[in-house]
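**Q** Given these sequences and hints, build the entire structure.
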Amino acid sequence: MLKYFNSKLITYIKGKHSKNEALKILVDLISENSDALKDENHFYENILAREELGSTGIGQGIAIPHARSEKIDKIVVAIGLLEHRVDFNSPDGEGVKIVILVGAPKGQNKEYLHLVSELVRTFRDKKLREAVTCATNYQELLEAIAELK
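Everything in the sequence shown is counted per the UniProt record's numbering, starting at 1 for the first residue and increasing by one.
Each hint should be verified, as a subset may be incorrect.
[Stated by the list, open to error] Each computed DSS-like pair below joins lysine-lysine, with the alpha-carbon atoms no more than 30 angstroms apart:
#	residue 1	residue 2
1	Lys24	Lys8
2	Lys3	Lys74
3	Lys110	Lys19
It is worth saying that the hints were derived from the structure and are not from the lab.
**A** Right, here's the structure in full:
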């Protein structure tokens, strides 16, 4: 899982944002700091379409929005720590503090699904989840992510 993490794709998102704004910030981050996206707007639309199917908020302050696209060359992960929680319609009703955005090419279904399920399992661990959600800046977030297994 950690092989997909890149410090250039991890950010602290200051200010208040809607869910769609937070997602756009992360898509922009991928576009600016990775060669994975061939069409940023197409991928953003795929992410929004996936959100329409059902919430990607998994609860306890975590959301894992994800989508496959023919406009992505390789699996990519962007992480945003939000200064202010955002409503993702999570099952527990709690606002989201950490957004882990996953994109993958259409042909890498097995690897993509394995990564998403591994992320969900990882963030069920209370100690790991709290280390990440309690971060208050970029440096603390990087340190918490480095502790993930």
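**Q** What hint numbers does the structure not satisfy?
**A** none
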